[in-house]
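Based on the hints, put chain A in the right spot on chain F.
Sequence lines, in order, name chains F and A. Residue numbering for the first sequence follows this note's numbering, beginning at 1 and increasing consecutively. Residue numbering for the second sequence follows this note's numbering, beginning at 543 and increasing consecutively.
Per the computed footprint, the stretches of chain F lying under chain A, defined by three or more beta-carbons under 8 Å from a beta-carbon of chain A, are: (1) 116-130; (2) 302-309.
Going by beta-carbon spacing under 10 Å, a handful of chain A positions derived as facing chain F: (3) GLU552; (4) LEU564; (5) ARG597; (6) GLU600; (7) GLN601; (8) LYS608; (9) VAL612.
Hints are computed from structural coordinates only; laboratory data are not their basis. The structure presented is a predicted model; accordingly, all values stated were derived computationally and were not measured. We treat Cβ as the ideally placed atom computed from N, Cα and C, and that holds for glycine.
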Amino acid sequence: MQMISGAQAMVKCLEAEGISVVFGYPGAAICPFYDCLGQSSIRHILTRNEQNAGHAASGYARVTGKPAVCVATSGPGATNLFTAIATAYADSIPLVAITGQVETGLLGRDVFQEVDTTGAAEPFTKYSYLVKDASDIPRVFKEAFYIASTGRRGPVLIDMPVDVQRQLINFRYPQEASIRGYKPRFRGHAVQVKRVAEAIRAAKRPLLCVGGGAIAAGAQKQVRALCEAVSLPAVSTLMGIGALPAGHPLYFGMLGQSGGCAANEAVAESDLLIILGARADNRAMAKPDQIEAATAVVHIDIDAAEIGKNLGTTIPLVGDAAAVLEQLLEQSPRGEWGKWLEWLRARRAREAAPAAAPPRAGCVDPEAFVRLLSAKMEPDAIYVSDVGQNQIWSAKNCAVRDGLFLTTGGMGTMGYALPAALGAKLACPGRQVVAVCGDGAFQMAMMELATANQHGVPVKLVVMRNDMLGMVREIQQREYRGRETAVALAGGPEIGGIAGAYGVPFDRIDSMEEAGAAVERFLAADGSYILECVVDPREETR
Amino acid sequence: MKQIMSVLVENKAGVLSRTAGLFARRGFNIESLAVGETEDPTVSRMTIVVEGDERTIEQVEKQLNKQIDVIKVKLLETDAATRRELILIKTNATQQNRGEVIDIATIMNAKIVDLSRATLTVEMCDRPERVDLLIDMLTPYGIAEIARTGMIALQKGADAIRK
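Excised from the complex, chain F in its bound form (with noise of 0.2 Å):
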């Protein structure tokens, strides 16, 4: 057998994988692997900076459900990274990092651009590895896909020191992982789905709590198969948007702190929650012993450590979200709730009846607006939803139907969305891919305006300006008697001149009379495009 270099073997490993894109940025600890990159069949997503590699590279997991690769350098190259890899941990998407390392024997001596990667990714990455000695590659990287791609999905970490990627080796790729410690388990235990089921039958008011989990599992069908045979209503978390379409009879919308008033009142009038992969964090459920004490609760999650965690459980249920609630669907759970279903529909036409104040002059409204650029979106596009201000309005007002929305929930890192949708436009060319963010989010990802063009990627981006870091000013008006600090963006830019400096199409909004109009020839632009809304700084997200 031919011995090959432990770069080629990577090259191989992703190959075997499947991998046809990665997303990274070069540098000295990782030129080996680039220079045999190079020279096979897969593509690379230079991205201007390694957070967005990152980011871009969630942004095509998330679509394709299928691991993606996202590469760096040693040192900053890795620190760069980490903030993508903490979103990836954060929303359980499945990514494989590769950074590049110092010299295994000037490993630990601080030389030119070491840090510990691992050591310091070591509380966000799913699992790593410090790869001594190619003849490890091919298990490590076998391992790696299989880790983050099984139980709950996450980011693997795999360090390269650069000596290893020359050392040379007998490659052969394995069929399987097999690691002891590591047995994900994808169906419920039937115990225990007999068990919800019976809860659910001797409910008098159950209600479906959709997070994430179900839509990483791609349990969209599933979930409205369920609800729809017994007449189960479901409320979801940010994460969990779209896993019943906007507008079902069953669905009652966000719950949580910037959720609707009828999924709060539908959590706090519940007598069985059910939790499908959710982690009932302090922004969906800001006093969970409050709803213990109220309600049982089934909770349904792939990750055994997330039941009981934050909410107190009376039935766990640990699997995967399509596998298990298809076990349920065998149970057949009915319960006689048509009272229930009165009263849930009744708080949500109380909801549904407008209470927003015209916006003021020269400004678009931006719920308006959301709700306006979703209905004229196809069925099945992505919407990719930045952080702030425009994470709320976008999750409230966002009709998605067969399509997807991405965001990040648990992580919450500004300047997701650019990348994201680059990454999302790259895994499905013939989907529509939105993007949303706020002019404090642009000037974090507008670099990669670049990378759209340079690769052919049109990015389709919406960007709310108001000159103002509003969900921090929001923050301050609330409580801190008002006291805004730090959170006017004054100093531009126009971004009409970041649009021409880039050779990006662009239009600008400033009142809801010119937004049909304009969205539709935003949507119907074949490159990418730019459109800017302007709205108004002391605009809230109520």
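Chain A in isolation, oriented as in the chain F frame:
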């Protein structure tokens, strides 16, 4: 409450820091942690004593199980486990009171393992509460320094962790 956890882990670099890091990050209180190789050289056993309420203990167990390098976690009841800790105590025993220290060591089934003009070092391997008692008994003579291993434990009877 105090809970003894016997944890089998992969015997490789980084596992101890991962596990200890987990406790620090999630705010769990470790009273002691002892680690060593097992009958299988690829496997180490960690014996961890954790302080916390029932919900915390459950979380610790789940978080440990979630670790890729953790092969098996077993909670041990105090009464159902053989528990041992090794301690070395260097006392400031003088010629005048050296005899008393030796008496205490004899009564406690401890050994004298080192001697100098100004000190006497006592070794004992016993249950942690007996180790605490020995420290208490020797404190009046002045303690120069102490080293203790943290507790290790095995379940009593024929059952083993992997069965």
